[in-house]
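Starting from the known structure of chain A, arrange chain B on it as the hints suggest.
Now for the letters of each chain:
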Amino acid sequence: MKINRRIFLTAAAALTALQVTSLYAADKVTMGFIYVGPKDDYGYNQAHAEGCAGVQKLSWVKGVEEASVAETTAVQETMRNMINLDGAQVIFPTSFGYFDPHILKVAKQYPKVQFLHCGGMYTEGKHPANVGSYFGYIDEAVYVSGVVAGHATKSGKLGFIAAKPIPQVLRNINAFTLGARSANPKATVQVIFTGDWSMPVKEAEAATSLINQGVDVLTCHVDSPKVILETAERRGIYVCGYHADGSKLAPKGYLTGGEWNWSKVYTDYAEKVKAGKSLMAGTIPHLVRGGLKEGFVKCSNYGPAVDESAKKDAEAAKAKFMDGTMVIFKGPLKDNAGKEIIPSGKEYKQQDLELESMGWLVEGVLGSTKS
Amino acid sequence: MNAESIGWWGVPIGILAGAIRGGTPFLLVSLGECLTEKSGKINLGLEGVLLMGAMTAYAISYKSGSPWVGVMAAGIAGAVLGSIHAFLVSRPKVNDIAAGIAMLLFGTGFAFYLGKPFIQPSAPQLPGISLGGWSHLPQIAAALKISPLFVLGVIIAFIMRWVFRSTRWGMQVRAVGDSPAAARAMGVSVSKTRFICIVAGSAMGGIGGAHLSLFYPGAWTEAISSGQGLMAVALVIFARWNPVQCLWASLLFGGAQAVGPSLQAVGINTGYYLWNASPYVLTLLVMIITCSNKRTLAGAPGALGAGS
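In order, the protein sequences belong to chains A and B. First residue of the first sequence? That's 1 in the working numbering, and the numbers climb one at a time after it. First residue of the second sequence? That's 1 in the working numbering, and the numbers climb one at a time after it.
These are calculated hints, taken from the structure and not from any lab test. The reader is advised that the hints may include incorrect statements.
Within a straight-line C-alpha distance of at most 35 Å, the following computed DSBU-like cross-link-like pairs (lysine-lysine) qualify [unchecked claim]:
#1 A:K164 - B:K145
#2 B:K116 - A:K62
#3 A:K112 - A:K272
So that you can see chain A by itself, here it is in the shape it has in the complex (with noise of 0.2 Å):
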């Protein structure tokens, strides 16, 4: 095809059409979605995959999402990305390690693009204004896995895998170990670390060691529970899920698990930036959190082994987290080296930044946060 005066004049007014059209467009919120992992891992990125699915569900909203970012400079390139060639408007990097230094250093570059990231690693004053982050006390959803798993228990011994000893990990334990104490004050829970979130042959390892030692209720806190999840199945113990609904990979030992419900607080934001509301203008809170109440967090059906003394403690505590009567961390507390941590009469509500920093694990946890 020749070239001549006509067809040029015609794409010419083409293009421009294109680019009349993306100016209407700009009422539509493009959000974009960074995993660090595969979006069906039945895990910590498939809760934020299924997020995206949701909010997606609205007409408004366009969501661009990008799975198996790694936590290098590869998540810088991403973000710039999704902002110079999908004019995304609020980004979510959704890993722990995407904030310091990427997020931080994108996030100067691009001052009108809002950054919120999944975790407790924003500092009022300390980072720019179009940060903020989200979290969900899922340690709520946890402590009822902890109480059903304090039923189910025979041996007594509980087991924990978790990936590494930073203050999320260690508050769900704790959670873990109280609501499984409420219900068996003798019962303790076991920990291996594993040293990173994906490691599928350490965490099959750790659970048929803890399986050999007479654990018989398993969870978990690493990115992607379905080996530990089958590996429970197939030795024919109880298990309680994390991240997503994992019921379906051990249908007979399932007993509950805490969810995310991310789609829930991916909604809330983008009708906020509807409203041209923004971190920037401190119309968007930096910090947002929630647990059982708000909807942020859930937890999974109860699974077949589940008997109705633990049924109904578990829907006692769910009731008062409900109602916002109940109190995870409250002394008196001690942990596990004997130290008082809480005193009598003291309370961490939820909110508390200081149960963000958490560095201790509660008495009734075998394992230290010494790596």
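Chain B alone, transformed into the frame defined by chain A:
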């Protein structure tokens, strides 16, 4: 449901069981690498082959319903990747290490790309061979449930030793690896022999991947290999290119993987990062001990890394 605890016995049992379970991929990959290196070429792409094998085995097992078909498909996938590598390194002036790294990246990326839809479904698993029926302890029974692919690996190890020692074909492979010029003078086709060795070696690597996704840990995820394919290459040096020693070395590396978790399970919490790193530390130690610029390694094929 077992309420019995085996306490400290959990550590040796865990290491033993871990050696067999975790050592199987090391075994199959190192045997494949051993065969490849005996013919005078290095295939660093076996890490990619391992992942490709794991993904293919899982996908085909899920689609066909038969794990054995999955194992076969993993072998074929390995052979296909191997034939690409074999073709590349048979060209003049192609460096086999560089080509291997390219194959590693290609195999890994390709497996991740094709494997996306198979992360979530559960595929039928390979049945274990129970050798622990004599024990009333469920821990021992579980520890002695052995992967059929481990048995396959042990058989291949002994067959390979016999082939290298006492068969005409095995001698030809050794001749090609030690002195291609002499082999050529004997009338042996160097390029054909190397092609067959690389393809067969990669097929074994693929089957090693099938063990990961269809037996232990028994799932397809992108982090499933965590460098085991590369460690197996170091392991071949450690085993001095001897297939039966590859077996012992694989058991050692597999056992090292299990040390960290089993110690934590009995309440030893200090230094778990160090214990978890033990397979890698072991690899480094092997490299340091075996590397010397004063002498060549005993048992190393003469043409290895010589570019001829």
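Going through the hints against the structure:
1. A:K164 - B:K145: holds, 30 Å
2. B:K116 - A:K62: holds, 23 Å
3. A:K112 - A:K272: Distance ~15 Å between A:K112 and A:K272 Cα, so the pair holds.
Of the hints listed earlier, there is not a single one the structure fails to meet.
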